Amino acid sequence: MTAITAKQAGLVSCHVCGLVSRRPASGDGHCPRCHARLHLRKKDSLTRTWAFLVAAMICYLPANMLPVMKTVTLGRTQTDTILSGVYYLFSHGQWPLALIVFVASVLVPLGKVILLAFLLASVHGRWTGRMVIRTRVYRLVDFVGRWSMVDVYVVTVLAALVSLGNLATVTPQPGIVFFGAVVVLTMFAAMSFDPRLMWDAAESNAHE
Amino acid sequence: MSGMQGRWLACHDCDLLHRLVDIPEGAAARCRRCGSPLYVRHHRALEKALAFAMAALALFLVANLFPFLAFEFSGSTTQTTLISGVEQLWQEDFPMVALLVLFTAILVPGVQICILLYTLLPVHFGHLPRGTVWAFRATDAVSPWGMADVFILGVIVSAVKLADMARIIPGPALWALGGAVLLLAAAASVIDDQDLWGLVEADA
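Residue numbers (this note's numbering), protein chains in the order written: chain A, 1 to 208; chain B, 1001 to 1204.
Where hints are given, some of them may not hold.
Unchecked claim - Calculated pairs, EDC-like style, for lysine to aspartate or glutamate (alpha carbon to alpha carbon, straight line, at most 16 Å):
no.: 1; chain 1: A; residue 1: K42; chain 2: A; residue 2: D200
no.: 2; chain 1: B; residue 1: K1048; chain 2: B; residue 2: E1025
no.: 3; chain 1: A; residue 1: K43; chain 2: A; residue 2: D28
no.: 4; chain 1: A; residue 1: K70; chain 2: B; residue 2: E1092
no.: 5; chain 1: A; residue 1: K70; chain 2: B; residue 2: D1093
Since the hints were derived computationally from the structure, they do not count as laboratory data. Note that the structure is predicted; figures quoted are calculated from it, not measured.
Produce the complete structure using the sequences and hints provided.
Right, dumping it as structure tokens:
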């Protein structure tokens, strides 16, 4: 069984339509089928992924420390952060839902940042071990990220639904902006990372 | 060189070259080195996808026109539609979050359904519509941001949080949106990207 990559064969696969075509002698060229600009690997993958990760880390603290919403019921005011929202569900016996929200809102964003940093380090260090597992880790990170958006939607729905003037009102608070930013930035980070770089790095290491 | 195009596929995640081989209907091909999914094959995939997309459009319209939750507290009732949450955020001076919700929960799913119909309906009658390439490229660019399924989880969490203080009545839009999400997922799972792009290639 001969295993050869498109890159080694002098080919490039289109990142939009997947067509495999011959790599142009100079410049990037365009895909003959969908006309998208061809890139052998995602453009500036490592730099972009690091940039999005650092930006996400900066937003992570205010996202979790600032309140994301304020509830006023019959003159009583309560502000909630992401974590206190999870605790509310838990203390009201809704622990399956509390667990889902905790995983989606707290663990997933943090886990994404840590795992992507680890994958980036594995490219920089040209590690050769656990290639399949590292590729799977990337697919997982890329797949689960969107579920973190759930708390943004909760605040949206509550604010729209609970607007009864003095009786009961829910208003969004600045924390939700940072939280939304974390979700979007980590999604961009995952999209910018090119798992093929891990395989390239391992191959170049093996050939030395 | 053109003979080689289309008969080869490089793994999206590790770049290993694979020769496209016939696989049984209902099967999925995976990369032999890293295990990432390469392509799938379904019986009459495009027709199934078209049917799913048509049903999804009907339910998506219902989801946008009817309230998805009603909230009863001390004798007053408010109800909310998909778009009213976005309006509320905008009025409360959170324009970025409002646009994020508008884009991810409403626009992207709507665009995905419309593009499927715009391309697959003419294909069903034997021709490829103008701008198919651009339509497929647009789908490719926006689809990671379609989060109507996550939105439904958000609605459920909201309903549970309010259950203590008020009566929550699920509206028709909630069921419709759930149906639209499932149908869109079904459409996406039967079609393979290579089938769609193969249409473009056959037309050229």
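Here's how the hints hold up against the structure:
{"no.": "1", "hint": "K42(A) to D200(A)", "verdict": "13 Å, holds"}
{"no.": "2", "hint": "K1048(B) to E1025(B)", "verdict": "14 Å, holds"}
{"no.": "3", "hint": "K43(A) to D28(A)", "verdict": "11 Å, holds"}
{"no.": "4", "hint": "K70(A) to E1092(B)", "verdict": "12 Å, holds"}
{"no.": "5", "hint": "K70(A) to D1093(B)", "verdict": "14 Å, holds"}
In summary, the structure agrees with every hint in the numbered list given earlier.
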